[in-house]
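Chains as they are written, first to last, in this note's numbering: chain F, 1 to 231; chain P, 1 to 365; chain D, 1 to 365; chain B, 1 to 231; chain G, 1 to 231.
Think of the hints as simulated: they come from the structure by calculation, not from any bench.
Check the hints yourself; a few may be wrong.
Negatives, chain D to chain G, calculated, CB over 12 Å [claimed, not checked]: (1) Arg10; (2) Val61; (3) Asp64; (4) Thr239; (5) Gly249; (6) Gly341; (7) Gly342.
Cβ-Cβ distance ranges computed for the label pairs, FRET-style [to be verified]: (8) Gly79/B - Asp83/G: 54 to 64 Å; (9) Asp247/P - His339/D: 19 to 29 Å; (10) Gly68/P - Gly79/B: 41 to 51 Å; (11) Gln46/G - Ala215/F: 51 to 61 Å; (12) Gln66/F - Leu216/B: 45 to 55 Å; (13) Arg176/P - Lys306/D: 29 to 39 Å; (14) Ser19/D - Lys75/P: 47 to 57 Å; (15) Asp247/P - His272/D: 42 to 52 Å; (16) Leu48/P - Glu169/D: 24 to 34 Å; (17) Lys75/P - Ala225/G: 28 to 38 Å; (18) Leu200/G - Thr201/B: 34 to 44 Å; (19) Gly44/B - Asp198/F: 36 to 46 Å; (20) Glu169/D - Val269/P: 43 to 53 Å; (21) Ser19/D - His226/B: 25 to 35 Å.
Derived BS3-like pairs: lysine-lysine, alpha-carbon spacing no greater than 30 Å straight-line [said to hold, decoys possible]: (22) Lys75/P - Lys8/P; (23) Lys254/D - Lys306/D; (24) Lys122/B - Lys209/P; (25) Lys318/P - Lys212/P; (26) Lys8/P - Lys122/B; (27) Lys75/D - Lys122/G; (28) Lys318/D - Lys306/D; (29) Lys8/D - Lys212/D; (30) Lys254/D - Lys318/D; (31) Lys75/P - Lys122/B; (32) Lys102/D - Lys122/G; (33) Lys209/D - Lys122/G; (34) Lys122/G - Lys122/B; (35) Lys102/P - Lys122/B; (36) Lys122/B - Lys107/P.
Cβ coordinates follow ideal geometry from the N, Cα and C atoms, glycine included.
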Amino acid sequence: ADLTVFVAASMGDVLGEAADVWEDKTGQHVTIAPAGSSVLARQIAAGAPADIFVSASPEWMDWLDQKGMIAPDTRRDLAANALVLIGHGSGEAGDMPTDIAALLPDDTRLAMALVDAVPAGIYGKAALAHLGQWDALAPRVAQTDNVRSALALVALGEAPLGIVYATDAASDDRVHVVAQFPEDSHPPITYPAAITADALNADAARAFLEWLASAEGQALFARYGFVPVTE
Amino acid sequence: MTLSVNIKRRLGDFALDVSFDAPDGVTVLFGRSGSGKTSVVNVVAGLLRPDEGRIALHDRVLFDAGAGVDVPVHKRRLGYVFQEARLFPHMSVRDNLLYGRKASGLKGQGDLRRVAQMLGIEGLLDRRPARLSGGEAQRVAIGRALLSEPEILLMDEPLAALDAPRKAEILPYLERLRAESGCPIIYVSHNLAEVARLATHLVVLEDGKVLKDGAVSDLLSDPSMVRVFGVRDAGSVLTAQVVDHADDGVTELKVSGGTLWLPTVPAEVGSHLRVRILAQEVLIAADRPVGLSALNVLPVTVLSMKRGDGPGVIVQLKAGDDTLLARVTRRSADALGLHEGGTCFAVLKSVAVAPADVGGGLQSG
Amino acid sequence: MTLSVNIKRRLGDFALDVSFDAPDGVTVLFGRSGSGKTSVVNVVAGLLRPDEGRIALHDRVLFDAGAGVDVPVHKRRLGYVFQEARLFPHMSVRDNLLYGRKASGLKGQGDLRRVAQMLGIEGLLDRRPARLSGGEAQRVAIGRALLSEPEILLMDEPLAALDAPRKAEILPYLERLRAESGCPIIYVSHNLAEVARLATHLVVLEDGKVLKDGAVSDLLSDPSMVRVFGVRDAGSVLTAQVVDHADDGVTELKVSGGTLWLPTVPAEVGSHLRVRILAQEVLIAADRPVGLSALNVLPVTVLSMKRGDGPGVIVQLKAGDDTLLARVTRRSADALGLHEGGTCFAVLKSVAVAPADVGGGLQSG
Amino acid sequence: MDYLGQEAWQAVALSLKVAFWATVLSLPLGIVTAYALARGRFVGRQILNGLVLVPLIMPPVVTGYLLLLTFGRQGPVGGLLYDWFGVTLAFRWTGAALAAAIMAFPLMVRAIRLAIEAVDPKLEDAAATLGASRLRVFCTVTLPLIAPGIIAGAVMAFAKAVGEFGATITFVSNIPGQTQTIPSAIYAFLQVPGGENAALTLVVISITLALGAVALSEWLARRVAHRISGK
Amino acid sequence: MDYLGQEAWQAVALSLKVAFWATVLSLPLGIVTAYALARGRFVGRQILNGLVLVPLIMPPVVTGYLLLLTFGRQGPVGGLLYDWFGVTLAFRWTGAALAAAIMAFPLMVRAIRLAIEAVDPKLEDAAATLGASRLRVFCTVTLPLIAPGIIAGAVMAFAKAVGEFGATITFVSNIPGQTQTIPSAIYAFLQVPGGENAALTLVVISITLALGAVALSEWLARRVAHRISGK
Ligand SMILES: Nc1ncnc2c1ncn2[C@@H]1O[C@H](COP(=O)(O)OP(=O)(O)OP(=O)(O)O)[C@@H](O)[C@H]1O
Ligand SMILES: Nc1ncnc2c1ncn2[C@@H]1O[C@H](COP(=O)(O)OP(=O)(O)OP(=O)(O)O)[C@@H](O)[C@H]1O
Ligand code: MOO
Ligand SMILES: [Mg+2]
Ligand SMILES: [Mg+2]
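This is chain F alone, in the form it adopts within the complex (with noise of 0.2 Å):
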């Protein structure tokens, strides 16, 4: 039968890469279902047909895992990412300002996720808080429901700077990288993986996620900017 993987939507195109390859390898079809990683999480407590679920961040793969509703020791990262301050238009990439305050025009503001909700945003304000900028900072945020937006108003010059994933980062370019945070101001961005308990086809499940964790599927994942795990 095909199998259907519910997956935090920033990842949805490597992972409808990776189905398209898995597919002509395999014969097995693959269906990649996007969206955000909470939606997903409640489905999947609800009943939702999915059999792998991939997550933006480990907090609601621990829900669902307190839920008892991820299959017992099927859960590893398939991948991580780094985050980076942003800048509208071109420029080189250098060391992280010790005042981003101070580079921010008046009446302008810094894009983020939402600060306490999105993964991408509760990165940001944890790394933010580590150098120590975040009391100066917190009332210049700018706050979207995804990270996508964020990158957006910097895309578009509605924000001169903002915290998105390298990815992200990588992906448009009217804005430039202007400094990464440092691995260890902020908790390991990692993409965990698991089968779900109710997974109707929980074999094909694991031979799948086997795959993305080898180094064809961790090579695949570097060209779409994150960063391989290695286990």
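Fit chains P, D, B and G with the ligands to the known structure of chain F by using the hints.
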């Protein structure tokens, strides 16, 4: 079948409090604008709920506040010609006409063709109401009510918007209906020619109350009602029998007080008719006149004389068993030496009893 | 100020093609239901656009297809009483009445009190239209049009829904209006008593065309028009002058053919009046009659005799300069030996010229 | 438009199907509700009135969650539906239709209600005097007279159903070929780098579709109005 | 409800402000548009008709994005507004009101249009014969007669404005106290595990608010209808 109405209802400052019986045939509601005619009709139809009282058609109770009976409008089996046409704008004239038949589960088109012809709307059957003239719409509304074959027919000034020739075409149909259907017809009208011709029973409303009700012939020849009907329209209604149709186009009629000659009346010899004689069309002569273009002279006795507001005198005359009203000036009354109990002659031009006033035979009342 | 109408317009199968002049005073549009009366009025109002033609009020062109002139409705300065009341449901009666004044920038309430009183709606001023009776609504609509002080007044069967006493109260007001305003009034009516009383000019429509138009007195005494007006309503209109008010409540009037005595007429000595004499209220006598309750006898000459459909004969009589119509049976005509050119006497009951038929003085026509 | 790919075209077809059935199936209930609100005199009328508006007031995502909680396989209604009839709504196109119908319901009801309130009760009275029962009066007089309002309501509902996103993706997820409607597909394209063009194309397609429906309905409404006025 | 915190209450106050102004300010344009669509005979009527419906059809996020492109500081209109009047919409509550107004516009226009179409032109003709210009006829006859439709349209718009989320957050982001409306707050709560209770409380509050508005409007509408019918 008699319709008994006995109800009360408040409408703002206006209080309706009426009680009357409408026997078979046509009961006319008469009264000034705002006297409550439409309200009474709406109460009978079930569109206006009385505060108290009872309405019954023979033994079928339509409304009884005490017993908690209130038959819904669509089960009252009535036909209602509203004061405004109220046609269904989205249906053709034909569908408007047949609506009641379909709604009451009647088969076929009934009298559609005959009714349409009588109303002069055969050519309009496929038209929408928005494209009708005022009078055409009103005629369709009449047809719509007639074709539903109701047990009570309610007509609120149905002919007010129509011209005289059209009225003259519709009235005989209504007369036939009255004669054939045996259903009570409640008919609102300001037009005394219509009243005299159609009504068997008359209910005069004033300010929400019944001022007087009774048989048309009694009320119209009641001198005290002249105030209500107006001097110009006061008159009496007599029952006459057709005796003969003469060659020169004159019909001989017998009334209790003598013989009348009228321009040919389309009725069989032996049949009974109603004729209306307006007070102002009656002349009084001391002696039987000669050399006058009036064929009808009846010997009469003066019953009473009543002075009106103006210079006129309403003279009530007895002609056989019937009562005639005549209106003359005081000057004439004096010149002729009229006095109660005196005898004289009532002169009426034969043509003064116009065809439009010759109604079908009286069934009752 | 004369209103000239000369237009064509198609409405489905119906073709309107009329041309007439309406002088100062009242021009009545007369015709059967569906003959195009409302359409003509709508064209004058600007609510129905003619396909071709021209409409002008004196030198003010309202519409001219050729010149591309089409004055918008609200600039035509007219008052229109519609066949249905069309009151504004969200305004009180008072606001309805004053709407036209506000819209045309007129100051104050104008004749509000007088008009409301005349129409018997003083007590309804704070009511909403939904709570009015049919006749009450129509009266408010009349008031609304009158109070806007229009330059042309269009009235489509304004009195059809009203009772006779109410009509009798409104008609004198309209007469005064006609006398005072000097604006053309276009008046649709089926009621010949109204026509005779109000109209100076008459336009008879048949199937969208003008069958005949002219002065009322000419048309009503034209034997060939009896077919149109109906036998019962045919008659002539005479101009009379008040000579004296006698003590016993009789007014003496001079007409060209002699003297008439009428129940007191509320008009000053010396003023001119219009009186209507129905054909069927005229008796013909070979010799001057005696001992009869009819005060009015005029010596006349027979102008023409016209047989109708029935057994009646329409006799056209010359009384002085005026023409009278009389309707007698063939039998009577023969008995009296009537022939063209012969002389005889026209007898009319004084009361036959009813108060409702006595109109204000003629201005013109 | 090859770059749209098969999945996008599936989304277009699915959106049409979903919007059509959402509109058609909710119409009878919409008419009944509108009639009850316009003419009914029952306790709870105000409550019903408010209830109908709720989907308009709540963020669509919340509506979607409530649907998931109620009609999901684990939900009270969804469970019964499955046990008794074997019907599943969650994660099916039928569920998408349900979500769209609920979101569109307030619009439909209000349009129809306004039309009903504009019908002159005197005409209904006239029909009753001719022997027509309340139901017959409704079917033969009220219904034809409110046809323009029904058409207007249906168009609003259809347009809304084509555009509905939040409730749909939350209730039935975003499974290509099964529950991925045009808006979900647009969302998926917008979440991944470089998807803007495809998203834009889909936006244009959905506007075209809905405008087609609007034009059709206007034409229908004109014909109906024409028939009613007889002009 | 202490756990809601000050920010949530700010969101409630802001939502009311945004919905109120969105409704009030768009009403005149809504009436004019509805009148043009109902009675106008101009080329482009069909196009205007479709245009008005567009916000209903497009996913809200797309509408928000287009607003950003147009009314952002860098956008053609937004730039002019800023240069000429010093007005900024992006990241301001005024922008939220604009987004809400645009999303609610189709509902408002349709309700008012239906009401206008139900007005008997014969009454307008009657007013014209009494000397009233077209504008005066509209103000004194049409407008009072469509008052119930206007109220209905305003309520729909208000309810929609209270619930609008996608376009708002995309256009003006989520800045607590400035642009964070109730739906944004609800969304944020729903994104994190365990946020359901807070979200639910806000849902209840927003429904209560909107139903209050509905009740008020129904009462108003009844009074108006009462005045019109004079019953
Ligand atoms: N829109 C239309 N399409 C087709 N025929 C029409 C239209 N409007 C009116 N008519 C027809 O035109 C004729 C004249 O109508 P009009 O309303 O002017 O008559 P009327 O003389 O006022 O009649 P009534 O006394 O009955 O009011 C009628 O036969 C009517 O059926
Ligand atoms: N809803 C209402 N509230 C207050 N008064 C009302 C209401 N409906 C009718 N009336 C009043 O009741 C009286 C009777 O009205 P009705 O319509 O029965 O009169 P009518 O005799 O039919 O008059 P017309 O000949 O003018 O049609 C009128 O004075 C009218 O103003
Ligand atoms: O990829 Mo996410 O869960 O939409 O941030
Ligand atoms: Mg009445
Ligand atoms: Mg007419």
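Consistency of the hints with the structure:
1. Arg10: Check passes; 20 Å lies beyond 12 Å.
2. Val61: Since the minimum Cβ distance to chain G is about 18 Å, valine 61/D lies beyond 12 Å and the statement holds.
3. Asp64: Since the minimum Cβ distance to chain G is about 20 Å, aspartate 64/D lies beyond 12 Å and the statement holds.
4. Thr239: holds, 34 Å
5. Gly249: Per Cβ check, glycine 249/D is outside 12 Å of chain G; nearest 44 Å; holds.
6. Gly341: holds, 53 Å
7. Gly342: holds, 54 Å
8. Gly79/B - Asp83/G: 54 to 64 Å: About 60 Å separates the Cβ atoms of glycine 79/B and aspartate 83/G, which means 54 to 64 Å holds.
9. Asp247/P - His339/D: 19 to 29 Å: holds, 21 Å
10. Gly68/P - Gly79/B: 41 to 51 Å: holds, 47 Å
11. Gln46/G - Ala215/F: 51 to 61 Å: holds, 59 Å
12. Gln66/F - Leu216/B: 45 to 55 Å: Holds - the Cβ-Cβ distance for glutamine 66/F and leucine 216/B, about 51 Å, lies within 45 to 55 Å.
13. Arg176/P - Lys306/D: 29 to 39 Å: Holds, since arginine 176/P and lysine 306/D (Cβ atoms, about 32 Å apart) stay within the stated range.
14. Ser19/D - Lys75/P: 47 to 57 Å: Hint holds: Cβ distance 55 Å, inside 47 to 57 Å.
15. Asp247/P - His272/D: 42 to 52 Å: holds, 47 Å
16. Leu48/P - Glu169/D: 24 to 34 Å: holds, 28 Å
17. Lys75/P - Ala225/G: 28 to 38 Å: holds, 29 Å
18. Leu200/G - Thr201/B: 34 to 44 Å: holds, 38 Å
19. Gly44/B - Asp198/F: 36 to 46 Å: Holds - the Cβ-Cβ distance for glycine 44/B and aspartate 198/F, about 40 Å, lies within 36 to 46 Å.
20. Glu169/D - Val269/P: 43 to 53 Å: holds, 46 Å
21. Ser19/D - His226/B: 25 to 35 Å: Roughly 33 Å apart at Cβ, these two residues keep to the hinted range, so it holds.
22. Lys75/P - Lys8/P: Judged against 30 Å, a Cα distance of about 22 Å means the pair holds.
23. Lys254/D - Lys306/D: Holds. Lysine 254/D to lysine 306/D sits at ~28 Å (cutoff 30 Å).
24. Lys122/B - Lys209/P: Holds: lysine 122/B and lysine 209/P sit about 26 Å apart, inside 30 Å.
25. Lys318/P - Lys212/P: holds, 22 Å
26. Lys8/P - Lys122/B: Distance ~23 Å between lysine 8/P and lysine 122/B Cα, so the pair holds.
27. Lys75/D - Lys122/G: Within the cut-off at roughly 17 Å; holds.
28. Lys318/D - Lys306/D: holds, 15 Å
29. Lys8/D - Lys212/D: OK: lysine 8/D and lysine 212/D at ~17 Å, within 30 Å.
30. Lys254/D - Lys318/D: Roughly 15 Å separates the two Cα atoms, so the pair holds.
31. Lys75/P - Lys122/B: This hinted pair holds, its Cα atoms lying about 17 Å apart.
32. Lys102/D - Lys122/G: Between lysine 102/D and lysine 122/G the Cα gap is close to 20 Å, so the pair holds against 30 Å.
33. Lys209/D - Lys122/G: holds, 26 Å
34. Lys122/G - Lys122/B: This hinted pair holds, its Cα atoms lying about 17 Å apart.
35. Lys102/P - Lys122/B: Roughly 20 Å separates the two Cα atoms, so the pair holds.
36. Lys122/B - Lys107/P: Holds - the C-alpha atoms of lysine 107/P and lysine 122/B are around 26 Å apart, at most 30 Å.
Taken one by one, the earlier hints all hold for this structure without exception.
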